[in-house]
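K.L.:
Construct the entire structure; sequences and hints are all you get.
As they're listed, the protein sequences go chains A and B. For the first sequence, position 138 (counting from the first letter as 1) is numbered 138 according to the numbering used here, and the numbering increases by one without interruption. For the second sequence, position 111 (counting from the first letter as 1) is numbered 1111 according to the numbering used here, and the numbering increases by one without interruption.
Derived from the structure by calculation, the hints contain no laboratory data. All C-beta atoms, glycine included, are put in the ideal place defined by N, C-alpha and C. Heads up, some of the hints might be wrong.
[To be verified] Restricting the straight-line Cα-Cα distance to at most 20 angstroms, the calculated cross-link-like pairs of lysine to any residue (SDA-like) are:
{"#": "1", "chain 1": "A", "residue 1": "K126", "chain 2": "A", "residue 2": "E198"}
{"#": "2", "chain 1": "A", "residue 1": "K38", "chain 2": "B", "residue 2": "Q1035"}
{"#": "3", "chain 1": "A", "residue 1": "K126", "chain 2": "A", "residue 2": "E154"}
{"#": "4", "chain 1": "A", "residue 1": "K38", "chain 2": "B", "residue 2": "C1037"}
{"#": "5", "chain 1": "A", "residue 1": "K38", "chain 2": "B", "residue 2": "R1025"}
{"#": "6", "chain 1": "A", "residue 1": "K38", "chain 2": "B", "residue 2": "H1017"}
{"#": "7", "chain 1": "A", "residue 1": "K38", "chain 2": "B", "residue 2": "A1036"}
[As the list claims (entries may be wrong)] Beyond 12 angstroms from chain A on every Cβ pair, some chain B residues (computed):
{"#": "8", "residue": "D1092"}
{"#": "9", "residue": "C1096"}
{"#": "10", "residue": "P1141"}
{"#": "11", "residue": "A1147"}
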Amino acid sequence: MRPFEYERAGDASAAVEAVASGSAMYLAGGTNLVDLMKLGVETPERLVDVSHLPHDRIEETSAGGLRIGATARNSDVAAHPAVRERYPLLARALLSGASGQLRNVATAAGNLLQRTRCPYFQDVSKPCNKRRPGSGCPAREGEHRNLAVLGHSEACVATHPSDMAVALAAIGAEVLVTGPAGDRAIPMPGLHRLPGDEPQRDTVLEPGELITALEIEPLAPALAAGSTYGKVRDRASFSFAVVSVAAAVEVADGTVRDCRIALGAVAHGPWRAWRAEESLRGAPATAASFAAAADAELAQAQPLRDNAFKVPLARNLLTTTLAELCEEVA
Amino acid sequence: MRLSINGRAHDVGVEPHELLVDTLRDRLGLTGTKQACGMGDCGACTVRLDDETVYSCLVLTAECDEHRIQTIEGVADGDDLDPVQQAFIDADAMQCGFCTPGQIMSMRALLDEVPDPDEEALVRGMSGNLCRCGAYANLVPAIAQVAR
Chain A
1 MRPFEYERAG DASAAVEAVA SGSAMYLAGG TNLVDLMKLG VETPERLVDV SHLPHDRIEE
61 TSAGGLRIGA TARNSDVAAH PAVRERYPLL ARALLSGASG QLRNVATAAG NLLQRTRCPY
121 FQDVSKPCNK RRPGSGCPAR EGEHRNLAVL GHSEACVATH PSDMAVALAA IGAEVLVTGP
181 AGDRAIPMPG LHRLPGDEPQ RDTVLEPGEL ITALEIEPLA PALAAGSTYG KVRDRASFSF
241 AVVSVAAAVE VADGTVRDCR IALGAVAHGP WRAWRAEESL RGAPATAASF AAAADAELAQ
301 AQPLRDNAFK VPLARNLLTT TLAELCEEVA
Chain B
1001 MRLSINGRAH DVGVEPHELL VDTLRDRLGL TGTKQACGMG DCGACTVRLD DETVYSCLVL
1061 TAECDEHRIQ TIEGVADGDD LDPVQQAFID ADAMQCGFCT PGQIMSMRAL LDEVPDPDEE
1121 ALVRGMSGNL CRCGAYANLV PAIAQVAR
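P.N.:
As structure tokens, this is what we get:
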């Protein structure tokens, strides 16, 4: 690993100042950053440790939602009684990711900001438009079995690996940030962007901006009761998703009153399935409606040579997840 | 900086980019903690930081001054093995033994949190530790010996 300087930020504004002024990066849990530094993908001259800042609390918001501090550990978020009770899909998403050792260290904000596991991004001997803009994308014609089928571009076909982000995209949340130009709130979905011709930018964050908290919208109890996170992966644990879905449905008298759906591991960020939701809302809770909803969303898919299987896989995962949820609720 | 390891204070000078696994093994001679993948994938380097298991290959030593560190060397009470260590011997829950220190750290932490884990809890609690010999099957009788 290339040597760097290490400093501990006294408060958020000192951290922002330190990172905005040069080749420095924020360090929180480090489970992805240290990894990338070992690979030579990231080569900061200085790390500004923000893990000691008082941003680790989980609190109620006045709107009836939850505010999760940016440095709250993934294991603590997943185990929090309010998360388990009111946002079971979020707890499931967190527990389906990584391993205990990683969840004990990894933070909420770090989870959202982790980088793609595209093999070309992680290999500094290869071209990659995300790592070295303009150098090309070997994944498009190369190893892309696990990469994007939705929203990709000529320049980049990477997927975002976070499970938590998929649950948050379905529920709805605001990402609170502070930066050189002041404070702002970024809606989820909306933190992550599609690659377009700037794949080096994973998110809409500006240089030096620091996430301080995530404010999760309240989720109606009926939706929470009919919610889950489903994940298909190559082995049963400690593995990234091939396709995942966060879903919440409210059914009354055989009709879907409301729903929230997001897909994971299919695009450059969590993919809120607006078209599937629109198709499903007000429809009878039947297999035919679930299939129509999945088709409405996946009609825009543009699979690559070796990942076309992800489209029917996503369709099957979504339809079976919805069927199981509606059975449970009924 | 001062590190608290297995209940003892150690004063060490460390580089900013030094990883905890390297401080433990190369500066302090605590070579029970193993390094295999070095990428947070295998669990051989598992230690406990304030009771929680972490991969010491991904933790910067510079971050550890306010935490209690426990390594495999701190699990036994003098010459008396921890019941988990004894169970690994009795159940033959290893083959080559390289991943075993990490496995023991994870199983001890799991039992401290869930004294009587079912198989699902066992699988979840141990899934961050890989064994290239594939000696997973005997983890089940090992944990059964210690669980209450």
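K.L.:
Each hint: holds or not?
P.N.:
Structure-based check of all given hints:
Using a Cα cut-off of 20 angstroms, the hinted pair K126(A) and E198(A) holds, with the two alpha carbons roughly 18 angstroms apart. For the given pair, K38(A) sits about 14 angstroms from Q1035(B) by alpha-carbon distance, which is consistent with the 20 angstroms threshold. A threshold of 20 angstroms between alpha carbons decides the hint, and for K126(A) with E154(A) the separation of about 17 angstroms falls inside it, so the pair holds. For a cut-off of 20 angstroms, the pair hint linking K38(A) to C1037(B) stands: about 12 angstroms separates their Cα positions.
For a cut-off of 20 angstroms, the pair hint linking K38(A) to R1025(B) stands: about 18 angstroms separates their Cα positions. A threshold of 20 angstroms between alpha carbons decides the hint, and for K38(A) with H1017(B) the separation of about 10 angstroms falls inside it, so the pair holds. With a C-alpha separation of about 14 angstroms, the suggested pair K38(A) and A1036(B) falls inside the 20 angstroms cut-off, and the hint holds. With a minimum CB-CB distance of about 24 angstroms to chain A, D1092(B) clears the 12 angstroms threshold, and the non-interface call stands.
Every CB of chain A lies more than 12 angstroms from the CB of C1096(B), the least distance being 21 angstroms, so the non-interface label holds. Non-interface status of P1141(B) relative to chain A is upheld: no Cβ of that chain comes within 12 angstroms, the nearest being about 21 angstroms off. The beta carbon of A1147(B) sits about 17 angstroms from the closest Cβ of chain A, which is more than 12 angstroms, so the claim that it is off the interface holds.
In terms of the numbered hints stated before, the structure departs from none.
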